[in-house]
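Kindly generate the complete structure, drawing on both the sequences and the hints.
Which chain is which? The protein sequence lines are S and V, in order.
The numbering used here numbers the first residue of the first sequence as 1 and each following residue consecutively.
The numbering used here numbers the first residue of the second sequence as 392 and each following residue consecutively.
Any given hint might turn out to be false.
Here are some chain V residues pointing at chain S (derived, C-beta under 8 Å) [stated by the list, open to error]:
(1) Tyr404
(2) Ser452
(3) Arg552
Straight-line C-alpha distance at most 25 Å; calculated DMTMM-like pairs for lysine to aspartate or glutamate [to be verified]:
(4) S:Lys11 with V:Glu539
(5) V:Lys616 with S:Glu340
(6) V:Lys461 with S:Glu386
(7) S:Lys37 with S:Glu340
(8) S:Lys123 with S:Asp108
Calculated directly from the structure, the hints in this document are not laboratory data.
Since the model is a prediction, treat every value here as computed from it, not as a measurement.
Positions of the beta carbon are idealized from the N, C-alpha and C atoms, including for glycine.
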Amino acid sequence: MRILRNLARRKLRTTLTVVGITIGIWALVVMSSMANKIGALVDGGSSYFADKIIVSDSANLAFGFSSAPIRVSVAADIEAIDGVDVTVPEVDMLLDPDRSGPAFNIPDRIVASMAGADKGREKFPIKAALGRLLVPEDEGKNVVVLGSDLGRKFNKKPGERMTVRGIEFEVVGILEPTLSAPDTSVWIPLAAGQALLLETLPDVMQREFKASELASSITVYPDPGVDIPALAKTIEQRVPRTQSLTGAEFDEQVGSAIAIFNAIILGVALISLVVGGLSVINTMAMSVAERTREIGVKRAIGATRARIVREVVTEAGVIGLFGGTLGLVLGAVVVLAANEAGRSSGTILFQLTAGTAIFAVVFAVILGMLAGLIPAITAARLDPVEAIRYE
Amino acid sequence: MPLIDAMDVHKTYRLGRSNVVRALQGVNMSLESGEMVAIMGPSGCGKSTLMHIVGLLQPPSTNGTKPVLKYRERDMTTLSDRERTRIRATEMGFVFQAFNLVSTLNAVENVALAAEYAGQPKPKAKASALDALGLVGLAERAGHRPMELSGGEQQRVAIARALVNRPGLILADEPTGNLDSANSKEVMELLRRFNREQKQTILLVTHDPEVGKACSRIITMRDGKVTAV
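And the structure:
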């Protein structure tokens, strides 16, 4: 209470200082929420790729979505290699063929594979929130399971129909959110995917291939304990015109992009630290100067130096607490509003976690206290006699 | 056994390269327990400085001399800031010319502050503070801020603050300097009452001969030296 009364002595100055911290923490909350979301996507990808090798045609860019198809028959050649347990041909393409060029979030995808072909090896947890997952009996039918974001985006429920690249499908399930790539994917049976894939090829190739011969990539599940990077190399050497991608490569490529983003967040945090900290130092230095006499009197009647330091630091910490809380609230409002606005289009950009929220407020309080320390020490060092004479 | 014993106390301020002020030039004084003593003398004679040194607000200068400063037989010249602060908090009370109450705190909070500094927990400090306000006749003004009190009332709150820990020594620097004669009289009567009834030793600095007369003894100073005891 006494602290609040001290802060209320100069309401405008206190308010402006609080606003300074609020802006910094607000930026920190918004940027961190964005980083959380991207981090979740990357972690999802990282754990998805961790235990497998993705083999595609060597004409593809390492991490572009496969556009040059690979023959399904290659799967048999790979499976003959020592250390390979299971191979699953997969079709993988953009849901919207007109979407091109990079965008901030990952694009919606179509993933097609034969249900059960992984023989239980796929460990990435996917559950149906509504309806069901694909089953082996779905092969040959035009049925689709939607990721949670896309279920919302297209506003579909099991039993309803939707058009995928011009072909009508029956929705049989909606997935639970994974906060990762599956949220923005649709799953269809392999045959249906192969038919769509054939449509994307140039006429010459369309005449040469049958749909059932085509895949975008082959997912390879190695035997337990096998050196995955070494196996990936062996596959590239033994099977012509292939390239392989492992979890380590995914982490390396995507990790560097994330490192840049984290550096930006760190930069925002640093700027807020410097600006907010300076304004707290300024405010508390002024308030100490104004209270010189009062501090002298307190020292005279028995306040220790430590008590004076505590008083000033606590006051600065309270400024930080106000700024931090206000910044968190503003940040949360922005994050929730932006997610709500993006929900209809399936663009969820932010994820505000409890950890981020707590960090933001604690950070603001500690920042305030650290900044308050300099004027606090000045105050504690005042000579009581001179301070009492001060006008 | 004197409460305060000071011998050969010097205080030199160096304000600039060649501007040295010799505020005290070898002062000897002692104070018996239960005395009420006024230090008088013209402006700049060093009476406030002497009071600050006796009140442990600043140490005597030690350039070339060996000053003695004893409080209850204890040597005060070698204490750390923390130890001096502790003695000020628990065994001394201060009254200033300009009252010097904390403007954001009401009367009882101002008095309680001194009790907290002396180590009392907050609820106990508040109870002691209300007692002390009762002694100066301001119990019913406990909730008022300094702005809402008259000068005389503010000085009585300050006296309550000086008294709250029942210190052995109360130091008052021109306690009536900012008050009219009626309020001056009231403040002096309070101090005399505490001196008489509570056996509080009081050392005050004043210009006012009336205030001096109310004391049991007068120490007269001139040019940094004691000229009459």
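Here's how the hints hold up against the structure:
| no. | hint | in the structure |
| --- | --- | --- |
| 1 | Tyr404 | violated (10 Å) |
| 2 | Ser452 | violated (14 Å) |
| 3 | Arg552 | holds (7 Å) |
| 4 | S:Lys11 with V:Glu539 | holds (21 Å) |
| 5 | V:Lys616 with S:Glu340 | violated (81 Å) |
| 6 | V:Lys461 with S:Glu386 | holds (24 Å) |
| 7 | S:Lys37 with S:Glu340 | holds (15 Å) |
| 8 | S:Lys123 with S:Asp108 | holds (22 Å) |
Of the numbered hints stated above, those contradicted by the structure are hints 1, 2, 5, listed in ascending order.
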